[in-house]
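Got chain A sorted already, so can you dock chain B onto it with the hints?
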Amino acid sequence: MSSTVAPAGTLSFPRLKSPGVRRFVYGVAGLLVMLVIWQIGTLLLHLDPGTRTFTTFGPIPTFEAFPVLWEEGKIQSAVAASGYRLAVGLFIAIAIGVPIGILMGRSKKFRELSNSPFQFLRMISPLSWMPLAVIVYTQWDQAIIFLIAIASIWPVAFATAAGLAKVDPAWFKVARNLGARPMHMLTRVILPAIAFDVFTGIRLALGVAWIVLVPAELLGVTSGLGYAIKDARETLSYNHLTAMVLVIGAIGYLLDSVCVQLIKRYSWHYSGQ
Amino acid sequence: MSTDAVGARAASAEANVSLHFMMSTAQGAFNFFAGLAILFGLWWAGVHLVVALDPSMTLFSGFGPVPAFRAIPTLWEEGVIQGAVWASGYRLGAGLLIAIAIGFPIGILMGRSRTFRELSNSPFQFLRMISPLSWEPIAVIVFAGWEQAIVFLIAIAAVWPVAFATAAGLAKVDPAWIKVARNLGARPRHILVQIIVPAIMFDFLTGIRLAIGVAWIVLVPAEFFGVRSGLGYAIEDARESISYDNLMAMVLIIGAIGYVLDTMTVRLIKRYSWHREG
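Protein chains in written order, with our numbering: chain A, 1 to 273; chain B, 1 to 278.
One chain only, chain A, in its complex shape:
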């Protein structure tokens, strides 16, 4: 299909026939719309003399703050500190959550007995563990990592169990017939089968960890994204504040997109019965 030929005197755009192009164009357009709405809000703030000081929350001061923050190294150090805590916390959540999930999938007794305590522990708002974590762990970094881990472990465990429920018992019989040892069962049958659900669980875990990370860094540490926000607020650098908020959004979006790509990569379906 070629682009439409315009009658003389009129403008016409080539059809956005490629879905990738369409998605990209609409994606950029959507962000531009958001920017415009943001700028309109800032102009409204400017009109009222009482709120004029808050125009530093606007998009232009915010974008002007980026080079400044980058040169001062504030963005890099905040991202590095938060990234370290997030990564270690998620790693622990996966290292403990996946085995627990596999146990829940394989053992009915374990699943039935662990259901009520896990559901109860899962619904304890993660930051409630903060005072306990601060006393148990000597360093704030460890306390924050603990909070992230305890919040993230549940989505990973439950998603892994759900993935295991999709594993056909016949596959184990076939594998055993072909001489598979338990190790082979794990690496050749179980792990590829549950990868899709595990990554879905990791995506959910990332979402929860991302919510927990910022407030955990508002108390007691002097590095990280949450601290950067608090610091900007205390120095009344509102444009620095909004710049950090944008950084947080962008990184969160990136991490989530990576998870979505992994999920798509390991997605599988039963072929028609």
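Since the hints were made in silico from the structure, they are not lab data. Keep in mind that the hints are not guaranteed to be accurate.
Residues from chain A shown here face chain B by an in silico Cβ test under 7 Å; the list is partial [stated by the list, open to error]:
(1) Pro19
(2) Phe110
(3) Pro117
(4) Ile124
(5) Ser125
(6) Ser128
(7) Ala133
(8) Ile211
(9) Val214
(10) Ile229
(11) Leu241
(12) Asp256
(13) Val258
(14) Cys259
Derived Cβ-Cβ restraints for the label pairs, each shown as a range [to be verified]:
(15) B:Ala45 x A:Gly179: 24 to 32 Å
(16) A:Ala250 x B:Thr115: 23 to 31 Å
(17) B:Pro175 x A:Pro19: 16 to 24 Å
(18) A:Glu64 x B:Trp44: 54 to 62 Å
(19) B:Phe69 x A:Val174: 33 to 41 Å
Quick reminder that beta carbons are idealized off the backbone N, C-alpha and C, glycines included.
Frame of chain A, contents of chain B only:
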């Protein structure tokens, strides 16, 4: 198969189901309490292990289950629990209501209008991934008081699951149903109430469940600062007055309330669950 045989099959199946249900609830009840008993046993063992291994941490025994359970009646009599639950409940309820009031229409818009869905996708995905507590400094400035700021934080965190789940539910509505309904003389009002709302209820309630989960995470840290009521404040207060038994008691209460909220929502979801036949 004759109707008698089908009826007999159905009746015996029903009897089996009710016996099964009875046995499963007795079994279920046993598992429920046994599981929690094991949890509290491990808790007790953990605390004693820490105290035994490190004698300098004798204060740590205040974190155990026995002091925590002992503290609950005291806190109840002092009205601490009721006050905290009431204050937090108000903020949670108000925040969720706003999230639904805004998220539901947005979800419907996303489901009905392709242009809106495609344009709003990137800004929504971006805004969704801004950790909700990052809005706190801005919220405190924009809203006159901390109460409203906390409600805003809960709303901004909870609006996304509601909106996306509503849109997903709308995608499952078969356009043929609407044609059939219109053929049978349904007005737009009927189509909305008799077709669309029941069809999307399952996904909408799943979105509410996710929204409650997110709101529950956001609520406690939001109440660490600026307010003198609520579950988060109660935890901070107990920590500052070194009343570890009160602290663990409040942790238990938070877990219990969260569990009840989630279980009630799951019941609602099961009630409105439906599948395509065939």
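Now the hints, each set against the structure:
For Pro19 of chain A, the suggested interface contact is broken, since its CB lies about 10 Å from the closest CB of chain B, more than 7 Å. Proximity of Phe110 of chain A to chain B is violated relative to the hint, the smallest CB-CB distance being about 10 Å (cut-off 7 Å). Here the hint on Pro117 of chain A is kept, as its CB sits about 4 Å from the closest CB of chain B, short of 7 Å. Among the interface hints, the one on Ile124 of chain A holds; its C-beta lies about 4 Å from the nearest C-beta in chain B, closer than the 7 Å criterion.
Annotation: interface hint on Ser125 of chain A holds; nearest CB of chain B at approximately 4 Å, less than 7 Å. Residue-level restraint check for Ser128 of chain A holds (minimum Cβ-Cβ distance to chain B is 5 Å; threshold 7 Å). Annotation: Ala133 of chain A was flagged as interfacial toward chain B, and the flag is violated, the nearest CB pair being 11 Å apart, outside 7 Å. Taken as an interface hint, Ile211 of chain A checks out: its beta carbon lies about 5 Å from the nearest beta carbon of chain B, inside 7 Å.
For Val214 of chain A, the interface hint holds, the least distance from its beta-carbon to any beta-carbon of chain B being 4 Å, beneath 7 Å. Nearest Cβ of chain B to the Cβ of Ile229 of chain A: about 6 Å, under the 7 Å cut. The hint holds. For Leu241 of chain A, the interface hint holds, the least distance from its beta-carbon to any beta-carbon of chain B being 6 Å, beneath 7 Å. Nearest Cβ of chain B to the Cβ of Asp256 of chain A: about 6 Å, under the 7 Å cut. The hint holds.
Using the Cβ-Cβ criterion of 7 Å, the hint placing Val258 of chain A at the interface with chain B is not satisfied: the shortest such distance is roughly 12 Å. Hint on Cys259 of chain A is violated. Least Cβ distance to chain B is approximately 11 Å, over the 7 Å limit. In this structure the supplied range 24 to 32 Å is violated for Ala45 of chain B paired with Gly179 of chain A, their Cβ-Cβ distance being about 42 Å. Between Ala250 of chain A and Thr115 of chain B the beta carbons are some 25 Å apart, a value that agrees with the proposed interval 23 to 31 Å.
A C-beta distance of roughly 22 Å is found between Pro175 of chain B and Pro19 of chain A, which places it inside the suggested range of 16 to 24 Å. Judged by the Cβ atoms, the range 54 to 62 Å given for Glu64 of chain A and Trp44 of chain B holds: they are separated by roughly 57 Å. Range check, Phe69 of chain B to Val174 of chain A: Cβ separation about 51 Å, and the 33 to 41 Å hint is violated.
Going through the hint list in order, the structure does not satisfy hints 1, 2, 7, 13, 14, 15, 19.
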